[in-house]
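Chemist: Single-letter residue listing:
Number of protein chains: 2
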Amino acid sequence: MSNLIPPQTLKGFRDSLPVQEIKRRDLMARLEDAFRSFGYEPIDTPALEYEEILLGKGGGETEKQVYRFEDHGGRRVALRYDLTVPFARFTAQHREQLPLPFKRYHMAKVWRGENPQKGRYREFYQCDFDIVGAESPDSDAEILQLMAHSLKLAGAPVRIHLSHRKILPSLLKGLGFEGDPVEVLRLVDKKDKIEQTEFEAGLSRLLPVAGVSQVLNLLDPAASWDEALGRLESLGTESAPIRQRLQDILARLDLAGILDQVYPDFSITRGLDYYTGVVFESFLQDLSGLGSVCSGGRYDDLAQLYTKERLPGVGASVGLDRLLAGLEELGQTSGNSACASVMVFAAEDGQSLDSWRTAQELRRRGHRVDVFTEAKKPAAQYQYAEKKRIPWVVIPKADGSFLVKHLPTGRAQTLANIEATSALLAGMPS
Amino acid sequence: MSNLIPPQTLKGFRDSLPVQEIKRRDLMARLEDAFRSFGYEPIDTPALEYEEILLGKGGGETEKQVYRFEDHGGRRVALRYDLTVPFARFTAQHREQLPLPFKRYHMAKVWRGENPQKGRYREFYQCDFDIVGAESPDSDAEILQLMAHSLKLAGAPVRIHLSHRKILPSLLKGLGFEGDPVEVLRLVDKKDKIEQTEFEAGLSRLLPVAGVSQVLNLLDPAASWDEALGRLESLGTESAPIRQRLQDILARLDLAGILDQVYPDFSITRGLDYYTGVVFESFLQDLSGLGSVCSGGRYDDLAQLYTKERLPGVGASVGLDRLLAGLEELGQTSGNSACASVMVFAAEDGQSLDSWRTAQELRRRGHRVDVFTEAKKPAAQYQYAEKKRIPWVVIPKADGSFLVKHLPTGRAQTLANIEATSALLAGMPS
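Top to bottom, those sequences are chains A and B. First residue of the first sequence: -1, per the numbering used here; consecutive thereafter. First residue of the second sequence: -1, per the numbering used here; consecutive thereafter.
No lab work stands behind these hints: they were computed from the structure. Among the hints, erroneous ones may be present.
Since the list can't tell identical chains apart, any single copy or any two copies may satisfy a pair.
Stated by the list, open to error - Here are the simulated lysine-lysine pairs, BS3-like style, with alpha carbons at most 25 Å apart:
#1 107 to 21
#2 107 to 9
#3 306 to 375
#4 374 to 306
#5 395 to 9
#6 306 to 385
#7 375 to 403
#8 403 to 164
#9 171 to 189
#10 375 to 188
#11 191 to 164
#12 62 to 188
#13 385 to 21
#14 171 to 116
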């Protein structure tokens, strides 16, 4: 009888036990409420799609990581590896039914067969929100405001670093640079991962000396938006529309009361061929070392692989796992929200209906009640309440009274009847 | 430039657009709150598992439907086709960390490559709740109560049909039947799908004449629990423990105030080799023709493929898609819950900050506001509000006043300032 199958998950995959799952679901619910309050509506798409749909945009690295196979009908299919490509396909397919601009959010699992590292898994959640069919500065500002607002509601106030994807190309054009600006962008993208000397040497290979110092000056953190916009002005007429765009956005963020959370940072590049306008990252105010917890930018055309209709937009993506880790470190996750707050003990002999009756009477009075269903010793029942983080325990006694214990403090009290028991549970903080 | 990829989903798969997705998420949230209030906690498991884990229990039909393939590391993997097998593996794997009895719910997608029919898809949600490590009548009664309670909170009061998997085998044993009771059970399982004459002919092939009439009598709907339990009594001592078990459960359902929703129905078989105790189905009180929306039963040993520890339990599964269809037919789904209730119009020239400012001022006063971000004609903006089912529209005027329209009724009013506008929006039902 020992031919048991070893119970295990695949490498890079993991179960979510209740303590973790409750925290994750509650975080998602808080973000979701923020998105909806701004008119962003949820969508969902299949986990499995035609390989051609998902890989049409994929580069070499992505392609290697995608789970793909042949289905029962001989179709080449793949598991989605992000929420952007399915959203592009979705928008092209349902365009006629969607309001434009279309504001949506999507929270769902994606799969990538990359080598698992600390904090990186082969199955993980993404949480994206976008507005497409939108070109105005209002739409840029709205995504930034919603980042600040949703993360604040999630218990994680952020500072946002803002840039514009065309600043560097505009500087390079002014310098008479004739190569592909992407080469310089790629180098800037790696800036934080390499030594400063290596970075400068790389720039020197691509640019004349004067150009190197101008790039370095531009990437240097500016003390204020005035200073940052001043640097853009010095780049000449090329940069005038960018400067105007940023000013329009900043005026809106000021009205939204979050301008003091938004900082210029022209070293942000992100998505080398995808983004075409503003780009941004955000960091927990109390834990900036964690890295960006929400980032995104403006793109010119979401669904060009699937439709001729141009769909410009702007969006952001929350790094849910990283955010959850950060909230845990800050003690900002909910412990046990909205599960049972009272546990009713069962009689040791398992014969009595008292526990069951007590549970019903407390439920009728509005309490959230977990009743122990098996005949077990009190020690096992206390352990049950502790494992489930239930603060209150009610033990029905033979004489009709109730012993009520508050586990976090150890306080115990005997109450004569169910009314008094209910009043105690209702009145005291748990 | 016409080499566009046609935007389409795979056969048997579908997107969820906002109207539908909001209804589904809200239904799930209501069920989830009910589960949690009884102490049932959420878990999650990977979509992808070792093929050996998922198919250890699979029969021929299941095996054919499962999406499976070889991953990048040469492992045989499969997409889960239900939530029961992953739960069994989960319980065996994390046994030491789990409270016992373990009360959990799991709402997640599963995949089956079966031929799509009306209302059946290759990707769909399951919603299971179980208590394992539990043998008491309390645990049986609790699952039944939670079915009634959660579906009522979801807007769908049900009547529950209850039976016990051992009634028919016990009758057959009393009749001296020497074959495998599963043959008779399999026939009873098909009862509603075949003609009554065909059913009786099938019974006659398996049983003597007297046996046929006893089986038919047992399966006949009983007018009351007294009558149903009386029939069990007439089966003799074999059935005494079953009768006692049902009586214990009924006493608990009576205390829970839902006995009048629970009916005897000994024609229910369900899961031919899985269930070993009570089995049940439930039907919408106002739409019984829809079929069972939640069903389940008691099993002897959840995780026997993965651990030697015996884990008896009882659980139920909500047919989410069917339930949602039923709620729609009954007009019981939420239209647009908790999305924006006010839309602020943009100026046609797109130059003014008035719309943006108005949105902020309304948000600061607690309203859920969707602001139109693009310079479009009023007709397009009205259409936007209608597509998003937003009841209120606020149009900032050049003189600082606001035109407020309630779209469902067509009522319009001009308010002098933002305070009056906010008061109107707050005070009137939407």
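Chemist: Would you mind marking each hint as holding or not holding in the structure?
Modeler: Taking the hints in turn, this is what the structure says about them:
| no. | hint | verdict |
| --- | --- | --- |
| 1 | 107 to 21 | both (16 Å within a copy, 20 Å between copies) |
| 2 | 107 to 9 | both (17 Å within a copy, 21 Å between copies) |
| 3 | 306 to 375 | between (70 Å within a copy, 23 Å between copies) |
| 4 | 374 to 306 | between (67 Å within a copy, 21 Å between copies) |
| 5 | 395 to 9 | neither (50 Å within a copy, 60 Å between copies) |
| 6 | 306 to 385 | between (56 Å within a copy, 23 Å between copies) |
| 7 | 375 to 403 | within (17 Å within a copy, 64 Å between copies) |
| 8 | 403 to 164 | neither (63 Å within a copy, 41 Å between copies) |
| 9 | 171 to 189 | within (21 Å within a copy, 79 Å between copies) |
| 10 | 375 to 188 | neither (61 Å within a copy, 45 Å between copies) |
| 11 | 191 to 164 | within (22 Å within a copy, 67 Å between copies) |
| 12 | 62 to 188 | within (22 Å within a copy, 48 Å between copies) |
| 13 | 385 to 21 | within (15 Å within a copy, 34 Å between copies) |
| 14 | 171 to 116 | neither (41 Å within a copy, 59 Å between copies) |
Going through the hint list in order, the structure does not satisfy hints 5, 8, 10, 14.
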